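Residue numbers (this note's numbering), protein chains in the order written: chain Y, 109 to 435; chain D, 176 to 418; chain B, 44 to 331.
Read the hints as simulated data drawn from the structure, not as lab findings.
Just so you know, these numbers come straight off a predicted model, no measurement behind them.
Heads up, the beta-carbon is just placed ideally off N, CA and C, and yes, glycines get one too.
A couple of the hints might just be wrong.
[Said to hold, decoys possible] Subject to a maximum C-alpha distance of 27 Å in a straight line, what follows is the list of computed BS3-like cross-link-like pairs (lysine-lysine):
no.	chain 1	residue 1	chain 2	residue 2
1	Y	Lys-263	Y	Lys-362
2	D	Lys-255	D	Lys-231
3	Y	Lys-418	Y	Lys-362
4	Y	Lys-418	B	Lys-230
5	B	Lys-230	B	Lys-131
6	B	Lys-131	Y	Lys-362
[Claimed, not checked] A short, non-exhaustive set of chain D residues, derived as facing chain Y with CB atoms under 10 Å:
no.	residue
7	Arg-259
8	Leu-267
9	Gly-283
10	Trp-288
11	Gln-352
[As the list claims (entries may be wrong)] Reference listing, derived: stretches of chain Y covered by chain B, where coverage requires no fewer than 3 residues with Cβ under 8 Å from a Cβ of chain B:
no.	stretch
12	226-237
13	384-395
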Amino acid sequence: MSPLPFNLTQEELRAGAVGAALVIVAALLPVFDQAYYLALGVNIMLYAALCTAWTLFSGPTHYISLASAAFFGLGTYSVGLGIDHLPFPLLVLIGAGCGAVLAGIVGVATLRLSGVYFVIFTLGLAELVRQLVSWGQSKITTRMGLYVFTDFTEKHIFWMLLALTVLVFITGWLINRSRLGFAMQVIGNDETVARHVGIDTARAKIILFMISGAFIGIAGAICAPRYAYIQPNSAFNPTISFLVVIMALLGGTKRLWGPLVGVIPFTILMDFVTAKFPNHTSIVMGIAFLAIVYFIPNGVTGLIEQARTKLRSRMGAPAVKPGEVQP
Amino acid sequence: MSMPALSVRVARKTFGGLVAVNDVSFDVRQGELLGLIGPNGSGKTTLLNLISGALKPSGGEILLGGQPIGGLAAHHIAQKGVARTFQLVRVLPSLDAEQNVMAGAVFGHRRTWGAEARALARELLHRVGLGGREHVPVSAMTYIDQKRIELARALASDPRVLLLDEWLAGLNPTELQVGISLIDELRREGRTIIMVEHVMDAIRTLCDRCVVMSSGVKIAEGRVEDALSEPEVVRAYLGDEDA
Amino acid sequence: MQILVTGILLSGTYALIALGLTLQYGVARIMNIANGETLVAGCFIAFWLYVSFTINPILGLFVIAPLAFVLNWLIYEVALRPLVRRAKNRGQLEVDSILATFGLMFLLQGLMLLAFGGEYVNYQFLAERFMLFGSAYGLNRVVAFCAAVVIAGALYFFLYHTRQGTAVRAVAADPASANLVAIDVAKTSAMAFALGGALTACGGALLSTFYTFNAAMGIAFTMKALIIVIMGGVGDVRGAVLAALMLGVAETAVASLIDPGLTIAATYALFILVLLVRPQGLFGRRTT
Chain Y
109 MSPLPFNLTQ EELRAGAVGA ALVIVAALLP VFDQAYYLAL GVNIMLYAAL
159 CTAWTLFSGP THYISLASAA FFGLGTYSVG LGIDHLPFPL LVLIGAGCGA
209 VLAGIVGVAT LRLSGVYFVI FTLGLAELVR QLVSWGQSKI TTRMGLYVFT
259 DFTEKHIFWM LLALTVLVFI TGWLINRSRL GFAMQVIGND ETVARHVGID
309 TARAKIILFM ISGAFIGIAG AICAPRYAYI QPNSAFNPTI SFLVVIMALL
359 GGTKRLWGPL VGVIPFTILM DFVTAKFPNH TSIVMGIAFL AIVYFIPNGV
409 TGLIEQARTK LRSRMGAPAV KPGEVQP
Chain D
176 MSMPALSVRV ARKTFGGLVA VNDVSFDVRQ GELLGLIGPN GSGKTTLLNL
226 ISGALKPSGG EILLGGQPIG GLAAHHIAQK GVARTFQLVR VLPSLDAEQN
276 VMAGAVFGHR RTWGAEARAL ARELLHRVGL GGREHVPVSA MTYIDQKRIE
326 LARALASDPR VLLLDEWLAG LNPTELQVGI SLIDELRREG RTIIMVEHVM
376 DAIRTLCDRC VVMSSGVKIA EGRVEDALSE PEVVRAYLGD EDA
Chain B
44 MQILVTGILL SGTYALIALG LTLQYGVARI MNIANGETLV AGCFIAFWLY
94 VSFTINPILG LFVIAPLAFV LNWLIYEVAL RPLVRRAKNR GQLEVDSILA
144 TFGLMFLLQG LMLLAFGGEY VNYQFLAERF MLFGSAYGLN RVVAFCAAVV
194 IAGALYFFLY HTRQGTAVRA VAADPASANL VAIDVAKTSA MAFALGGALT
244 ACGGALLSTF YTFNAAMGIA FTMKALIIVI MGGVGDVRGA VLAALMLGVA
294 ETAVASLIDP GLTIAATYAL FILVLLVRPQ GLFGRRTT
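Can you build the whole structure from these sequences, using the hints too?
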């Protein structure tokens, strides 16, 4: 729990080992299936990366960002525009840069806005970017989209997204044990105290938002070859932003692995609904939002923790010392 | 004469038409414990907020060791060496005692990290009488213990000036004795402290000097007995009592 | 001139939608993202009444407004009141209610997609030319504008010249103090929310007489309403009307002078600009 020790604790080693094992198992997926399950796996991996990256910022600050689609689309377009001229890895980095820069601009601009205004600002911004890209594209080119031809197949994209997810997790873990992570904990508790102990709260939030935006940009860049034909309405699809919020909140944002708990079942559910009842996706998303607000405000991980505390007190066991996490 | 630790020069704060702090000036010497007293609503806490950067002054200047800090952001002022406690105690509820104190040690005037910050936090918890309770969640602590946490957090940055905003308020008589001797220790250690306080016994026991405010104006300054016996101060207090 | 008149005619409907939202957010403290869906529902019901029963959309308002009032009242009592009760502070209520109304938005949008399909719909009502200052305008637009003015006028009278209206304004200004002077804040909030929904639905019904609509366009109108509300100052009726005029004219100007493809982009750009420069509203005072 404590973010400070520089050497790994037992529990961290254990978590690391479990994580590594899960990554290896996941990486083997394309060996067994190249069709339906791989496509589903790509979706899960994509949202695992997106939601964990989103939570890096929104978890500790409780700011709900709906700008994910903008970062994602910028990543996709970085690849779409540059694929004929520059190597793919460089384009991914450019995508990350674009995401970070936009996040930085949003961060600087929205310092004075809080709560509800931040939500609608990010939503409006994502829409503005989408409209501008659509318009620019229709003016400059005659086509509505861009072609991206690469040698990447679905399994390559899967592996890249898996690697990205791992990278997001490692970054999140490093942040948690850094000054920045500790600063975010303090800010999350009491922003006034944070300022008075010497934390530049605005700077901390902007840095975190930029990191989060960069990762979402990378995810967009990795997905560009998957679309093959990129259009503003698919690359900047606002549904991405909403799904990210739903899945992350559903899983819970208190822990790094919280969003995963929401991503896996919800991606499978959405996949099923999209295939079987394509006209019902909005309804499912609506119900999910309502369920989160009314029944699971702290996410599934929050429910689990609550149940665990209740169980423990019922059994009369001594309270766990903070700093130890129950297996 | 050496440079004052903190100088307030014609500091002013207005809210719309209301003048909360009206051109107040005073110096705090190195190692001095200065009491800032006055009836409710006289602008003491506002003045403290100007010094700590919670509010921006509308006019005047505040100097920390000769350097202007008036109007800087709170985190800059904290990093330059001003630490404070709050009138209504503010702890970080989801963190344990040690982490609460570490928050003061990591980002402030003296920045430490890792094992060093942890050791400092433990030492300070011991100082304020919370030794052995490092891992108790602060939300489960009593009021005075939370106040101790706040004090330890403020001390953790090794501040050049410590601001205590009614740190003794709300304590019962026994706790008050403990609190007073704690502050007394800090004073003897040579800390520079400004304390806003209503508990007159504490002011008399602890303070070298005091500044008296009323309706935003400084009405007296000097040794405690002298300041308190000035007619205007008596009137301010009695007038307040009569009302 | 033509741009100005077209813009003003459009702004009448915008004003109604924005007044609806400003009542919901300014008084009931609910940032209702599903406001646009209420509008779309208004469009579809007006369309349905007109096509199936040949009920004139203006008369249809007398069905739509009470219906929307009751439904929004129910939404507030069932869905939003629990959030108000459990919220520890205004910040939490805002985040909770924006998430909940996002949920309502998707839910209502999904239901309307099922009921009406995703196609664009319009119908012919008073599609005649009407001469004004030497130029021709759709008569339906002129009628819609006049109806909007009447409704907005009635709202203004209600808010500024009746007891209940004064209570609404008091709650908007300060719920805690309103409570002290024996105003039933909970009831007033519910009423303001329901009234807001009714206004928005009327706006939708009027819009449908001259605008091609579909089930998915709600969010765009929520955004427009938000821009107007924020520009005019939250809870400020007069500000909302002025801001609606500005948005209507600005949109028409961009569409006819620059590029129709940029209309929506211009809306959002204006929105972001307003949030950045004057989040307290064009006519509001900065509060500390």
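A quick look at each hint next to the structure:
no.	hint	verdict
1	Y/Lys-263 / Y/Lys-362	violated (31 Å)
2	D/Lys-255 / D/Lys-231	holds (16 Å)
3	Y/Lys-418 / Y/Lys-362	holds (19 Å)
4	Y/Lys-418 / B/Lys-230	violated (37 Å)
5	B/Lys-230 / B/Lys-131	holds (20 Å)
6	B/Lys-131 / Y/Lys-362	holds (19 Å)
7	Arg-259	holds (6 Å)
8	Leu-267	holds (4 Å)
9	Gly-283	holds (4 Å)
10	Trp-288	holds (6 Å)
11	Gln-352	violated (28 Å)
12	226-237	holds (count 8)
13	384-395	holds (count 9)
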